[in-house]
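Assemble the complex: chain A is given as a structure, and chain B must be docked to it using the hints.
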Amino acid sequence: DAGVIQSPRHEVTEMGQEVTLRCKPISGHNSLFWYRQTMMRGLELLIYFNNNVPIDDSGMPEDRFSAKMPNASFSTLKIQPSEPRDSAVYFCASNLWGGGDTEAFFGQGTRLTVV
Amino acid sequence: GNSVTQMEGPVTLSEEAFLTINCTYTATGYPSLFWYVQYPGEGLQLLLKATKADDKGSNKGFEATYRKETTSFHLEKGSVQVSDSAVYFCALSDRAGGSYIPTFGRGTSLIVHP
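Here the protein sequences line up with chains A and B, keeping their order. FYI, the numbering for the first sequence is 1 to 115, going by my numbering. FYI, the numbering for the second sequence is 1001 to 1114, going by my numbering.
Any given hint could turn out to be false.
As the list claims (entries may be wrong) - So the derived list for chain B, only partly shown, Cβ under 8 Å to chain A, looks like this:
1. Y1039
2. A1053
3. K1056
4. A1086
5. S1093
6. Y1100
7. I1101
8. P1102
9. F1104
10. R1106
It should be emphasised that the hints constitute simulated quantities derived from the structure, not laboratory data. Built from N, CA and C at the ideal position, the CB exists for glycine as well.
In isolation and in its complexed conformation, chain A is listed as follows (with noise of 0.2 Å):
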């Protein structure tokens, strides 16, 4: 398997547009993980999805942030509109539930920037 994809890797944008960040897990896996990594906040949870359903959302800093996953094996994190203070690596991390010591497996992020 190719691992956890995500993309774009890096993308720049002007304040006030659209962002959509994609991520396809690894086939098979049934949780999927969205973390948003800052130099100030560390890794932080956003919102996971369980079997396509989001369960927890309560991550997500603002409603100008919304994640949907309309299949097993796509999901989009979507910033409308982003302002500066958006600027972070996002990534995307996928697991197969079942057993606790299942680890999460990650994509290699989307370096956003917003100007």
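Below, chain B without anything else, positioned relative to chain A:
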């Protein structure tokens, strides 16, 4: 709720020095514990794990022992190399809402000089 606390970095060492990165956790259940490593420009990848008390996880010369009595999972390596320079994350995975949610510490940057 669950949380992970790890020592702040950066940790700067000379090659072949001994490494310890401290990690303690708070959890309501009986979590599994992990160390992940992040190399520059990459995502996190699993380094080692332990699933129950007194288990020792090991990989690439790194070790960590699950200590339930002290709620700790300290990472150690006897002789670090320049190639070990990276950011290390301690994490736990505990069941919530039908999923096993990874909770991460803030990360500790390790810099190894030749």
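To see whether the hints hold, each was checked on the structure:
1. Y1039: Given a least distance of 10 Å, the restraint on Y1039(B) is violated.
2. A1053: Constraint on A1053(B) not satisfied, violated at 13 Å.
3. K1056: Violated. Min distance 14 Å.
4. A1086: violated (14 Å)
5. S1093: holds (6 Å)
6. Y1100: At 5 Å from the nearest chain A Cβ, Y1100(B) passes the 8 Å test, so the hint holds.
7. I1101: holds (6 Å)
8. P1102: holds (5 Å)
9. F1104: holds (5 Å)
10. R1106: Hint on R1106(B): holds, closest Cβ of chain A at ~4 Å, below 8 Å.
Hints 1, 2, 3 and 4 from the list above are not met by this structure, while the remaining hints are.
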